Every structure is written in C-alpha cells, then in structure tokens.
Amino acid sequence: MILLDRVTKIYSGDSKPALDNVSLHIEPNEFVFLVGKSGAGKSTLMKMITKEENPSSGKIIVGGIDLDYVKRRHIPHYRRRLGVVFQDFKLLPRRTVYENVAFALEIAGLRSYDIKKTVPKILDLVGLSDQAKKFPAQLSGGQKQRTAIARSVARQPKILIADEPTANLDKATSKEIIDLLQRINDFGTTILVTTHNENIVNNLQKRVITLKDGLIVSDQKNHGIYKLDGEPETVYSNAPKAPGFRRSAPEPAEPPAKKQKRKLIM
Amino acid sequence: MRKNPERKITKKHLKTLTKNSGAHKLRNSSRIVKYGAINFARNIWLSAAASLIMTVTLLILFITVIASVILSQTADAMRDKIDITIYFKPGLSEETLAELSAVMSEDKNVKSLETASSEEEYTRFLKENSDNIELINTLDDPDMRKIMLSTMNSTMQLKVYDIDNLDSIKNTVAANELFIKNVDKNKEATYDEHRSEIETITSWANIAKNGGIVLGIVFLGISILVIFNTIRMAIFSRREEIYMMKLVGADRTFIKGPFLVEAQLSGVLSGTIAATLGYFGFRFLEPKLTNYGIDVSTIMNILESNKLVLVYLVMILAGMVIGTVSANLAVHKYLRKQTH
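These protein sequences, in sequence, are chains C and D. When you line the first sequence up against the numbering used here, it's residues 1 to 266, in that order. When you line the second sequence up against the numbering used here, it's residues 1001 to 1340, in that order.
Hints were generated in silico from the structure; no laboratory data involved. Since this is a predicted model, take the numbers as computed values, not measurements. Some hints could be false.
[As the list claims (entries may be wrong)] If you want the footprint, here are the derived chain D segments under chain C, 3+ residues with CB under 8 Å:
{"#": "1", "stretch": "1182-1190"}
{"#": "2", "stretch": "1248-1259"}
[What the hints assert, rightly or not] Stretch-level coverage of chain C by chain D, calculated; a stretch enters the list once three of its residues show a Cβ under 8 Å from a Cβ in chain D:
{"#": "3", "stretch": "69-81"}
{"#": "4", "stretch": "103-109"}
Built from N, CA and C at the ideal position, the CB exists for glycine as well.
Chain C on its own, in the form it takes in the complex (with noise of 0.2 Å):
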C-alpha cells in the first residue's frame, strides 16, 4: 500500500540528509506506528507521502501510484485519496464541525445530496453528532482531533496517515483517538501513526517502526515495542531495496489476521 525504496531527502543548506536511504513496506490494512525522537525524520517521511515534499532520490508508491509521475496539477487529486490527520488538527476554523467534514467532499465534488447523508454518519462514527453545528474554537482538544478524523475518513480513504494525533491531548483523549483510529483500520483502512507516546504503542502491540537520525533503526511486526529512550530491540538494516518493490511483495514475517471487509460508512 505504501512503498519506499530507498528513499533520501536532504533539505537545500543541510548536510545531513533528514532521511537516508530508507526502504520500507506498509501492506494493505496494516495498523503501523512510526516512532522517534524529534528530528528523526518521521514529519519528512509523511510530508514526502503527501507530496509536501520530493524525495532527494529513491521511489515513493502510494496506493498504487508512483509519485515520481504525480505532478503539479495532479497533486490535489492524489491527496484526495489519503486521510491526513495533524498534531494540530488544522480545521478551518471559520466552518461548523458539519462544514469541516463536508468541505472534505465538496472539494471532491460529491453532490450535495451525498454529503447531506454522509456527514451525520461520519460524525456519528467519531461521535460528534451533537456537536455538528459548533466551531472548532468552542470544541475540546479530542472533540478537534475527532473532527479532524472524520473529515480524514469521510471520503473513505484506503490510507490514513496521522502525524502525531495525540501529541497535544491528555492520556485518556489519546487513547479515546487511537482507539478510533483502530475502528477505522479494522473497516480495511491502512493506517500510519507517527508518535512518541510509548504507552500508546506498547499497548496496541502493531507494527512499530522506529527512525533514528534519518536511518530506520528498528522494523517490529505485529509485536513492536517501543522505549523512547531505549536502544530498539532490532536493527533492521536499511535494505538496497524495499521488500515487494514491483508489486511483488514478499508475504509479512506474520500475517496480519483477515481484517473484516466492511464498509466505514453504510
């Protein structure tokens, strides 16, 4: 689903690339958290997946697109079909939780009758239907993160990424987020998490993939345990290639179990 091989980015007047020669698989409805220190290089690779940023060299695939051929004019298109969630939630705060959700598939150019049916259920799904017609500054820090997720979802993304979700929420916030997020992979969603919250990824046990000064220092399938500030467990060595580079993907160490096919929104 999201395919790096590898991949460096060295930003103009550094010497020291903020991400080197890193190559990584994420599979179809994988749950997949990556963690490090601040300036490990976790903002570079999701902003290199959204297309904020161009690698220096190497190959990004996404969803079956090559974005080495996404240009310009294809850029807002292609982010169409990724969920983007931030540590700051970025709502337009001049727009209604309903409006935030719904500009999503506006810009999409759903008819309004589609969106009129969508958006109560999203909002029912992250549990904001009494709060549709507030603006994000009367809204709680989890009540803007979850606003935020269901514009993600609502046009029922194959990808979400989320950078940092709980980064500006309390414990019980976080895992109230995490734990939506969770839903939305087990409606066949694939996820990437970036955190530093030890304890967030120690409980759900996914797939934990730690950066360290641009290197990816760390690849633990379905078990990934995570110490901030202790060595990684495994070193996993930044391969020439990434494993499943032309659609041939090798099978995971560990299968993920057959996720539930369902629909995010009936």
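Please build the complex by placing chain D on the supplied structure of chain C, with the hints as guidance.
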C-alpha cells in the same frame, strides 16, 4: 526496452483521479460562489473596507468621464459657433461671389461656406436692428439706403474643420488673384477674433480629456493596489487555512475561486453605490451647472432615460473587473510562492 510498470499503473490511476464530469465542475462552481458569499459576509469589515475604496475609485471615474464629456461638448459647441468672416469690397456681383466661393470651397479645411452680397448684408443689418425704430426710419430714406449700400461689404462666412490650422485659408486670401482683387484691404478677416476664447475652451477640454484619462488611470492603479493589499491581507490571515485546504486535496480553483467571488461581490456593491451616488449627485448639481451656461442635456438625457440601467451595469462591471484583477494578482502571487 521494457516499459516501466509503475508508470503505467500511475498513469491509469491519475487518469481516473482527474476525470471530472460537467456536473462535477458545475457543482464546484456553485460551491465556489457559495463560499465566496459566505466569506464576504463573515469578513464583513474587510469586505466593507475594500468596497469603500472601490466606491471612491468608481465615483472618481464616473465624475471624470462626465466632466470630460461636458467639457468636450462645450468646446465642440463653441467651435461650431465660431466662424471666419472675409470682407469684400461693397457691391460685388453674385457671379463674382460665386467665383470666390468656388475657389475657397476647394480648401479641404472648409466645412461650410456662405456668401452675402452688400444687398443681403444690408437686409440683415435692418433685421438685426428692427427694434431701433429711429434708425430704421432714418435708413428708410432712399439716399441713405444708397449710401449704406455703397459702404456695406459683401462677405464670406466660413466654418472650418480645424480652427487651429488656418494657414491655407489665409494663403488663399492673400495670394489668390481673385481674392486680392476683391478683398476689402481696410477690413481684416476675423481669423483671430475668437482666438483666446477658443484657446481657453480647447485647453479646458484637453485638460478634461487627458487629465481625466491620467486621473482615471492613477485612481484605477491606486484602487487596484489597495484592493490587492486588502485581499493579500485576507489571504495572509487565512494562510493556514489555505495550507490546510491544499493538504486535504483542494485544487487551485477551489482555493482561488472564493477570493475572486469575494472581490467581485465588493465590485457589485461598489458599482451600485457609486452609480447611485453619481446619479443623485449629478441631479443635485444639474441646475447649478445649467445656470453657469454649461450644457448638461446629453448627460441628463442618459441619466433620465432607461439608459440609466446601462450606466449601472457599466459601473458594476467596472467594479467587478477591478475586483477580479486585484484579487487575481494577490492570490496568484501568493499561490505561486507556495510550492505545492
């Protein structure tokens, strides 16, 4: 050479992604208009400021155009009234006058030409002084009439196309043998009699025309700059929002569109206000201008007829054009700075 399979798959995906139906485009357009209107209402103070500046600009343009029309009309009317009179010796025959007319008619600057014999000049003189009974009674005497006729010049009255370029006419009068023979040497032709009046009116008309154009351009420039900056401020205050819109997949049209609609709405509002103020202002000033002898009938005819709708439409259109140009510049400049 083996074709790159990723490229093929990507192209297929992108083709499906970017396929937009007509209905889709129509829906997007109506949403852009809706969001433009919502933004206009939600940012009412910024919208009001932009509209006010645009109203002032449009009003200045309105006044400039009207002043220019009135002054150039007055100048044209004055020019039309001015004619050149050439005086011939008294008692010239009709045939001689016809010959002189034929010679003068060849000049391309001559618009129209009229000759009067001494007899006709005398009749005109009597007509002009018909109120003066004493004079009429005196002239009634046959001897007196004879004396008058012998002193009354035959004349040629000319209207010309270009009052500033009389050289060829002057040359004909001074050099043509027929003219030399018949012109009354004691009475100069009235070439320069109205010179100062003509020059004053001409210079005012030119000032109004050229000044109006310059002033119009200057104010248009100022207006575009101010609105450009107002919209840039609006964009700057919403830069996070724009960034976010991009990240969730909004294309340029969807980001740019509402700003353009917002500016166009300002244009519609300003055009309407400026046309209304202009109309009532002119109606208020009309009696005063007429008292000064300024002919404002053409403008009043336009404003009092159903052409007033046209005036409103032109003003609204001008407002929309100013708004669109400024907003387009501001948004384009901002979006160009952003890489993706």
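Here's how the hints hold up against the structure:
1. Note: the stretch 1182-1190 of chain D has 0 residues with beta-carbon separation from chain C under 8 Å; the three-residue rule is not met and the coverage is violated.
2. Here's how the stretch 1248-1259 of chain D fares: 6 of its residues keep a CB closer than 8 Å to some CB of chain C, so the rule of at least three is met and the hint holds.
3. Given as covered by chain D, the stretch 69-81 of chain C passes the check, having 12 residues with a CB less than 8 Å from a CB of that chain where 3 are the minimum.
4. Counting residues of the stretch 103-109 of chain C whose CB lies closer than 8 Å to any CB of chain D gives 6, so the stated coverage by that chain holds, three being the minimum.
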